[in-house]
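From first to last, the protein sequence lines stand for chains A and B.
Letter by letter, the first sequence follows residues 1 to 136 of our numbering.
Letter by letter, the second sequence follows residues 1 to 136 of our numbering.
One should not assume that every hint holds.
[As the list claims (entries may be wrong)] Pairs of lysine-lysine, BS3-like flavour, derived with a Cα cap of 27 Å:
id, chain 1, residue 1, chain 2, residue 2
1, B, K120, B, K136
2, B, K89, B, K52
3, A, K53, B, K89
4, A, K136, B, K136
5, B, K63, B, K53
6, A, K120, B, K34
7, B, K45, A, K120
8, B, K34, B, K53
9, A, K136, B, K89
10, A, K89, B, K63
[Claimed, not checked] Pair by pair, the computed Cβ-Cβ distance ranges are:
id, chain 1, residue 1, chain 2, residue 2, range
11, B, S58, A, G57, 57 to 63 Å
12, A, V37, B, R20, 37 to 43 Å
13, B, R41, A, Q30, 49 to 55 Å
14, B, R112, A, G116, 24 to 30 Å
[As the list claims (entries may be wrong)] One-sided and incomplete, this derived list gives chain A residues near chain B with beta-carbon spacing under 8 Å:
id, residue
15, M2
16, F12
17, L16
18, E85
19, L121
These are calculated hints, taken from the structure and not from any lab test.
For glycine and all other residues, C-beta sits at the position ideal for the given N, C-alpha and C.
2 protein chains.
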Amino acid sequence: MMNINQATDYAFRAVLYLARQTRGRVVDAQTISKAEVIPMRFLLKIMPSLIKKGIVGSQRGAKGGYFLAEDPEDITFLDVVEAIEGPVKLNRCLIDPSYCSKDGAPECLVHRTLAGIQEKLVTELAGHNFGELVRK
Amino acid sequence: MMNINQATDYAFRAVLYLARQTRGRVVDAQTISKAEVIPMRFLLKIMPSLIKKGIVGSQRGAKGGYFLAEDPEDITFLDVVEAIEGPVKLNRCLIDPSYCSKDGAPECLVHRTLAGIQEKLVTELAGHNFGELVRK
DNA sequence: ATCGAACTACACTTAAAAGGTATACTTTAA
DNA sequence: TTAAAGTATACCTTTTAAGTGTAGTTCGAT
Chain A
1 MMNINQATDY
11 AFRAVLYLAR
21 QTRGRVVDAQ
31 TISKAEVIPM
41 RFLLKIMPSL
51 IKKGIVGSQR
61 GAKGGYFLAE
71 DPEDITFLDV
81 VEAIEGPVKL
91 NRCLIDPSYC
101 SKDGAPECLV
111 HRTLAGIQEK
121 LVTELAGHNF
131 GELVRK
Chain B
1 MMNINQATDY
11 AFRAVLYLAR
21 QTRGRVVDAQ
31 TISKAEVIPM
41 RFLLKIMPSL
51 IKKGIVGSQR
61 GAKGGYFLAE
71 DPEDITFLDV
81 VEAIEGPVKL
91 NRCLIDPSYC
101 SKDGAPECLV
111 HRTLAGIQEK
121 LVTELAGHNF
131 GELVRK
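Whole structure, please, built from the sequences with the hints as guidance.
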């Protein structure tokens, strides 16, 4: 069914929430959790992935929280997907040919076609950023 | 990670195999299984889904097997994906809003954006057919 | 200094889906 | 009438998804 997972869906919404704040504002997890209806502990678990990717930053301790680390215009849907799920791959074979039961046969037209479709998908994901969403 | 599943991958290859035969030729499961390196019992399990969609036909009994029920030009990647996995949906919310923790709020820009991306993906999948692959 | 608010790390649990296998049955050409 | 071949259904095992628990660490405020 080809879907993004729940964690990514939550991440999109958390990033959009932060993108809507005045630049640099620090918001604590509970506030985001309530506003975006994301289970608190789950949010706390996925934020580090966004941090590692450089999308958000965090401040620990009292009055701590999260803030956007980049300009919303520079954060694409692809960035968030990759932060949470790793590289997009329509088919395992496209990343690791050892998964292919035809063993990465270069003549596999199915996989070559999927590779082309995947490229279009990646381009499309990279074509939407959070600045665009904030302005809507 | 957004991928199609193994069953769909096998289905692509089975359909391509049949598309490469002279039109209407009946090929039994074991032959397809061996040629395309697809576990026999698994292939037998997924073929009925292709039949229900009208992509392939079957003949039971001795000398039975499967054959392509349509012109390869008329069978798209989307057809096969939908036969095996059902409708493409990047996010559960896009099919069933009750899954959305924000409960299908029409103002959910994330989901609206994903809907647009999904549409592009569907178009792309529908843009590749098996006649094209056979000619390559 | 220290207390508590807030993030971090990591392990655990539960449920669902993926992937595959087994058994029994039906159809049909020879 | 029999063996070859697809069909139906149910089962099993492994992996992934989604979420929770526990024990930290950091740091602002007092």
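Now for the hints, and whether the structure bears them out:
With a C-alpha separation of about 25 Å, the suggested pair B/K120 and B/K136 falls inside the 27 Å cut-off, and the hint holds. For the given pair, B/K89 sits about 21 Å from B/K52 by alpha-carbon distance, which is consistent with the 27 Å threshold. Between A/K53 and B/K89 the alpha-carbon distance is near 26 Å, which keeps this suggested pair within the 27 Å criterion. Of the supplied pair hints, the one linking A/K136 and B/K136 is violated, its CA atoms being roughly 44 Å apart against a limit of 27 Å.
Between B/K63 and B/K53, the direct Cα distance comes to roughly 23 Å. Compliance with the 27 Å bound is thereby established for this hinted pair. Of the supplied pair hints, the one linking A/K120 and B/K34 is violated, its CA atoms being roughly 32 Å apart against a limit of 27 Å. Of the supplied pair hints, the one linking B/K45 and A/K120 is violated, its CA atoms being roughly 31 Å apart against a limit of 27 Å. Between B/K34 and B/K53 the alpha-carbon distance is near 24 Å, which keeps this suggested pair within the 27 Å criterion.
Straight-line distance between C-alpha atoms of A/K136 and B/K89 comes to about 24 Å, which keeps the hinted pair within the 27 Å bound. The hinted pair formed by A/K89 and B/K63 fails the criterion: a straight-line CA distance of about 39 Å is larger than 27 Å. A C-beta distance of roughly 58 Å is found between B/S58 and A/G57, which places it inside the suggested range of 57 to 63 Å. Roughly 50 Å separates the CB atoms of A/V37 and B/R20, a value that falls outside the hinted 37 to 43 Å.
Checked against the given bound of 49 to 55 Å, the beta carbons of B/R41 and A/Q30, roughly 51 Å apart, stay inside it. The given range of 24 to 30 Å is respected by B/R112 and A/G116, whose C-beta atoms sit roughly 26 Å from each other. The interface hint given for A/M2 holds, since its Cβ lies 6 Å from the closest Cβ of chain B, which is under the 8 Å cut-off. This hint holds: A/F12 has a C-beta 4 Å from the nearest C-beta of chain B, less than the 8 Å allowed.
At about 6 Å, the closest approach between the beta carbon of A/L16 and any beta carbon in chain B falls short of 8 Å, and the interface hint on this residue holds. This hint holds: A/E85 has a C-beta 5 Å from the nearest C-beta of chain B, less than the 8 Å allowed. With its C-beta approaching chain B no nearer than about 5 Å, A/L121 sits inside the 8 Å limit, and its interface hint holds.
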